[in-house]
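Participant: Sequence:
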Amino acid sequence: MKLVLTVMVRDEADIIEAMIQHHLAQGVELIIATDNGSVDGTREILEAHRSAGHLVLHDDPVHMKQQHSTVTSMAREAYADHQADWVINADADEFWVPVNDAITLHEALSHIPKSIQSFLAPVTDMTGLAAASGSQFGRLHLRDHRSAREIMRTGLLAHSTPNAVHVGYAEIEVAQGNHFVNLASRGDPDPEWAIEVLHLPWRSWEQYRRKVDNAGRAYEANPKLNPSPNHHGMRDYRRLKEDVLLPFYLLRHPTPDQVEVGLADGTYEVDDRLSALEVFSSTDVMFEPEFENWNRRLGASIALGEEQLRAATQKIEDLQSTASEDAKLRSELEQALLDRDSRILIQEDTQAVLEELINRFRARRIVRLVDGIAENKGQISTAAAVPRRVLTRIRAESVRLSDLRHNAMRLREVNRLLKRGLPLTTTNGTIASTALPIVMCLWNRSQRIDTMLESFARQATKRNLRVILWNNAPEDAEYYRIRVHEFQLSGALDSIELHSNPINIGGMARFVVARTLWEQGVRGPFIMVDDDQDLSETFVEDSLVGYEAHSINSWWAFRNHGSHWNRSELEPGDIADYGGTGGAAVDLAIVEDLAFFTIPVRYFMLEDQWMSHYAHTHGWTIRKSSAQITAVLEETNQYHALRELKDEFFTYLHPGVGGRAFCRARTLGGPSDNRPS
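Counted from 1, the sequence shown has number 45 at position 54 by our numbering; the numbering is strictly sequential.
Keep in mind the hints are simulated off the structure, nothing from the lab. There may be inaccurate statements among the hints.
Claimed, not checked - With a straight-line Cα cutoff of 16 Å, these simulated EDC-like cross-link-like pairs (lysine to aspartate or glutamate) come out:
hint : residue 1 : residue 2
1    : K232      : D263
2    : K453      : E528
3    : K410      : E510
4    : K410      : E162
5    : K105      : E510
6    : K(-7)     : D72
7    : K(-7)     : E20
8    : K453      : E510
9    : K(-7)     : E68
10   : K(-7)     : D82
11   : K202      : E98
12   : K105      : D179
13   : K410      : E68
14   : K105      : D76
Could you put the whole structure together from the sequences, leaning on the hints where they help?
Facilitator: Okay, structure coming up:
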């Protein structure tokens, strides 16, 4: 097994030697490094290792924060030129280690099957007493377990995001920050071979000030990059320009008293695995106590003001969002009234033209049949309606073809995602493979995001919840990303993941996520929720009452009687013919076979009916759930445009019921050769 590490570095002379020595000792066989125009002696250190034969050195002096393209190029080089089996894309301040310190990184990866393609390694920020300069590992030996709330009081929004490890791959693409790649993960390593990252981002004030200044200027120089104002680097760059970064740097380091208390209550944990690298670190210079204490008090005051401002800003944004939604509804109503008036005018014009034609035919007595028709007003009415019926059929056919084209595009996108993996993720919290997945599609209701996340946090359950959001509204992607980043995890809510895709694939996105979870080795139930549902605090546990393998517990469940809309209500626990996706606990095995994704193109947006039919044809059980949900839009209102199509699909899936409708469905574009068996 060949292990290659890539690193893009700029002005990291205080730590790069220790970083290289550490990873060579851990079994890394080759390091591919790109120096980004260092001026502090970093490049000379890299050059010495190139001469020793275990480092390939590239130069990229342009300061435009081009990390994505540079690291992607190095990662591809690792496979194409050096036949890497596994590739780690690291930063200079990261020290990758196996969780089991009795083995090396190389030994751990040798036991991890390449078939899982990629996985996330959790990152732990290391801290210690603050220093004006220096990088001694004996000082920076505390694992930082501060809560999200405590971290926010230091000017950060969250702890560091997990980093991706991947197999060698010719077309690998590494996202900005090295946190994600385009190779879908197909599972997590066995805990015996687990890997983590020890991260030393704030080694000294001298180092951190330089790092923030370099990164901020590089982002400013590259108009193609547009980091959020809430990006931690840009927040600190603003503080640097305002001359208040030092107080925040100090807040990220505990005082001696805080260390004593934190070691006792678990906030901090000693980890001395890097102590042997002390020989490669520079001597620490500490702050004067009075100077440090004054700046800490200043930082705490500013951080409190920022927190209050953020809360006030969010309240304003919520009010603006509500006002915007109201304005949008008013605009839609006005447009609907205009459309109605236009239709009335068209109908009046059409009637006038027909009457004129009839009068002209009668006056000219072109055909005697006209007089005969004139004697029967009912027949005149029928004759006048023929052109309208023709126009209606033409318009309906045009709409049908347009829908088919859109659905075909959506189905192609689903197949692409299944093959290439999910879009890059925004993550808050540590993703645990044992957590219960809750998948929620976002449907143009951005004002609901915090309400839904809070309802997950309040769930009365001992389970850890892994909420996975799929955004079908690209224009809201940035807003959702910021809300996910800033949301304070608590209660049952263990982690949040956000996927935004440029193509709206509708509710089928839930099952694309489910398939990814299945490929990652996750088994058991997952729960689907819609963002217009208000959930009780016992929703999760209620949804799982009576759950078993190969079953669906659905809150929106009915028994059908010959059509989709002819149905009867059920009591919790009753066997159902149909189970809706919103508010359903489903065995992930529903997507074990890719045949699930062969839904007929015409009915692509009716994934709820498809899931129910697919489950029944494979011997599964659907039950009415005992979950409590309120404030849900009526299905007949929410899906009014699909009302007739739902009955048509029902007949298509049940050819023994309503043969005429089934024949019509096939005529109108319903496929006849991919019904699951």
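Participant: Straight-line Cα separation of K(-7) and E20 no greater than 16 Å?
Facilitator: holds, 7 Å
Participant: Does the alpha-carbon distance linking K232 and D263 stay inside the 16 Å limit?
Facilitator: Not OK: K232 and D263 at ~35 Å, beyond 16 Å, violated.
Participant: Does K410 pair with E68 here, judged by a C-alpha cut-off of 16 Å?
Facilitator: violated, 23 Å
Participant: K410 and E162 were given as a pair; does the straight-line alpha-carbon distance stay at or below 16 Å?
Facilitator: holds, 14 Å
Participant: Has the given pair, K105 with D76, been kept, meaning a C-alpha gap of at most 16 Å?
Facilitator: holds, 8 Å
Participant: Can you confirm whether the C-alpha distance between K105 and D179 stays at or below 16 Å?
Facilitator: holds, 11 Å
Participant: Within a Cα-Cα threshold of 16 Å, do K(-7) and E68 meet the stated pairing?
Facilitator: holds, 14 Å
Participant: Please verify whether K453 and E528 have alpha carbons no more than 16 Å apart.
Facilitator: Within the cut-off at roughly 12 Å; holds.
Participant: Is the Cα-Cα distance between K(-7) and D72 16 Å or less?
Facilitator: holds, 12 Å
Participant: Do the alpha carbons of K410 and E510 lie within 16 Å of each other, as the hint requires?
Facilitator: Distance of about 11 Å is within 16 Å: holds.
Participant: So if I understand the rule, the pair passes when the alpha-carbon distance is 16 Å or less; does K202 with E98 pass?
Facilitator: Between K202 and E98 the Cα gap is close to 33 Å, so the pair fails against 16 Å, i.e. violated.
Participant: Would the hint linking K105 and E510 be met if the CA-CA limit is 16 Å?
Facilitator: Holds, because 13 Å separates the two Cα atoms, which is no more than 16 Å.
Hint violations for this structure: numbers 1, 8, 10, 11 and 13, all remaining hints satisfied.
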